[in-house]
Amino acid sequence: GAVVSQHPSRVICKSGTSVKIECRSLDFQATTMFWYRQFPKQSLMLMATSNEGSKATYEQGVEKDKFLINHASLTLSTLTVTSAHPEDSSFYICSAPRTEVDTQYFGPGTRLTVL
Amino acid sequence: GDSVTQMEGPVTLSEEACLTINCTYTATGYPSLFWYVQYPGEGLQLLLKATKADDKGSNKGFEATYRKETTSFHLEKGSVQVSDSAVYFCALSEIAPDKLIFGTGTRLQVFP
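As given, the protein sequences belong to chains Z and H, one line each in that order. First residue of the first sequence: 1, per my numbering; consecutive thereafter. First residue of the second sequence: 1, per my numbering; consecutive thereafter.
Next comes chain H alone, as it looks inside the complex (with noise of 0.2 Å):
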């Protein structure tokens, strides 16, 4: 079935480090790929997504790019603040919206 891998944290950075969460999926046939981001006392929230091969989904700095190649989602930034501190979830889903399938979370500790 249908799978997401995404590294293990805690991911501890300094102000202004560049960041790299990786992810890679297993899937059937084509589907949708999302990051969403749960700050603490939150509800999980979408950060970014892409829905095709070779889209990029960007916001707030963040950039994932969609690789049918390597199977690939990794989430990037140039430069993190404490205010990224958060849990970040990898998901993916044959029928947008519906039906997530998650990774495990990788948890971005930034510190000034």
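Here chain Z stands alone, though its shape is the one from the complex (with noise of 0.2 Å):
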């Protein structure tokens, strides 16, 4: 069964509101979590690294103020993507990494559409 899970699935919004995608492991304490975007045809690119207790890391290139993350506690991480604008529009995936047997468990996913 899903490890890690992501809600809503798909979310399709106006453009200027803002979305809160949730991202929880299921049954172990991830101190961190990472968020990817992926568009059609291409890879996933690491938005930004969550950390519990702290700030968020962003990747080059990554707005902070667009894409906000909070770790709330050691099982939940979100992403608000904040006055959402078409461009936004994207597959956004979160992973958990599980140290104890070295393997990161990704959550399956949220289609974001911005119309």
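Note that these hints are calculated values from the structure, not bench results. Just to be clear, a hint being listed does not mean it is correct.
[What the hints assert, rightly or not] In silico lysine-lysine, DSBU-like type, Cα no more than 35 Å apart, as pairs:
#1 H/52 <-> Z/55
#2 Z/41 <-> Z/66
#3 Z/41 <-> Z/55
#4 H/99 <-> Z/55
#5 Z/41 <-> H/56
#6 Z/66 <-> Z/14
#7 H/68 <-> H/56
#8 Z/64 <-> H/99
#9 H/56 <-> H/77
#10 H/77 <-> H/99
#11 Z/41 <-> H/60
#12 H/52 <-> Z/41
#13 Z/41 <-> H/99
#14 H/99 <-> Z/66
#15 H/68 <-> H/99
#16 H/99 <-> H/60
#17 Z/55 <-> Z/14
#18 H/52 <-> H/99
#19 H/77 <-> H/60
#20 H/99 <-> Z/20
#21 Z/20 <-> Z/66
#22 H/56 <-> Z/14
#23 Z/41 <-> Z/14
#24 Z/14 <-> Z/64
#25 Z/66 <-> Z/55
#26 H/52 <-> H/68
#27 Z/20 <-> Z/64
#28 H/52 <-> H/77
#29 Z/55 <-> Z/20
#30 Z/20 <-> Z/41
#31 H/68 <-> Z/41
#32 Z/64 <-> Z/41
#33 H/56 <-> H/99
#34 Z/14 <-> H/99
Using the hints, put the two standalone chains together into the complex.
Here you go:
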């Protein structure tokens, strides 16, 4: 069964609104989670590293004021796309590493469509 | 910077055919290499991995060998099944399991 969940799986919103995406580790604690973005027929691109109890670390070129990340607990990280625009439409995927088995577990992804 | 290149899909095969999906990488150091699989409607799952040169990762009949001399990590399976239909991603990490760098993914379609 899934060990990392994402909610919602799909969201459609109007331009200018904000959208929150949740990522949960279901049966393990994750002090670190990762957020990726995937465009059609392209690679998953790492956006940021979410750190429990501290600020997220953003990859070069990712606007931290645009993509707000909050690692609220050891099992929950949220990504908020603020003032969304059509160019933010994409597939967002989170992952959480489980260090005791040296493996990252991925959520099923959230498809965001901004009209 | 580090990068991963994998063959474009889709790859279409009949059941029991042989599969090879090519993957090559560019890295400054000695990365760990991974193959992830994404079944329809599900999250990416680790299929296999190799952490050093000449290591062979294997799982569910799939194999891949870490070839440092050719900077490759090709995915192979001798006899595919319909249930293998999915998207396969090659990836590397300099600090496993942290910060994965992915290829573009290759869709495999297996028909009975």
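Hints, verified against the model:
1. H/52 <-> Z/55: holds, 33 Å
2. Z/41 <-> Z/66: At roughly 24 Å apart (the allowed maximum being 35 Å), residue 66 of chain Z and residue 41 of chain Z satisfy the hint.
3. Z/41 <-> Z/55: Holds, because 31 Å separates the two Cα atoms, which is no more than 35 Å.
4. H/99 <-> Z/55: Judged against 35 Å, a Cα distance of about 17 Å means the pair holds.
5. Z/41 <-> H/56: holds, 28 Å
6. Z/66 <-> Z/14: holds, 16 Å
7. H/68 <-> H/56: holds, 12 Å
8. Z/64 <-> H/99: holds, 18 Å
9. H/56 <-> H/77: holds, 13 Å
10. H/77 <-> H/99: holds, 27 Å
11. Z/41 <-> H/60: Judged against 35 Å, a Cα distance of about 26 Å means the pair holds.
12. H/52 <-> Z/41: holds, 29 Å
13. Z/41 <-> H/99: Roughly 20 Å separates the two Cα atoms, so the pair holds.
14. H/99 <-> Z/66: holds, 21 Å
15. H/68 <-> H/99: holds, 20 Å
16. H/99 <-> H/60: Holds, at roughly 25 Å.
17. Z/55 <-> Z/14: Measuring from Cα to Cα gives roughly 28 Å; hence the hint holds.
18. H/52 <-> H/99: Within the cut-off at roughly 17 Å; holds.
19. H/77 <-> H/60: holds, 9 Å
20. H/99 <-> Z/20: Roughly 23 Å separates the two Cα atoms, so the pair holds.
21. Z/20 <-> Z/66: holds, 12 Å
22. H/56 <-> Z/14: violated, 48 Å
23. Z/41 <-> Z/14: holds, 25 Å
24. Z/14 <-> Z/64: holds, 21 Å
25. Z/66 <-> Z/55: holds, 15 Å
26. H/52 <-> H/68: Roughly 8 Å between the alpha carbons, so the hint for residue 52 of chain H and residue 68 of chain H holds.
27. Z/20 <-> Z/64: holds, 14 Å
28. H/52 <-> H/77: holds, 21 Å
29. Z/55 <-> Z/20: Distance of about 17 Å is within 35 Å: holds.
30. Z/20 <-> Z/41: holds, 24 Å
31. H/68 <-> Z/41: holds, 27 Å
32. Z/64 <-> Z/41: At roughly 25 Å apart (the allowed maximum being 35 Å), residue 41 of chain Z and residue 64 of chain Z satisfy the hint.
33. H/56 <-> H/99: Measuring from Cα to Cα gives roughly 22 Å; hence the hint holds.
34. Z/14 <-> H/99: holds, 32 Å
Consistency with the previously given hints fails for number 22 only.
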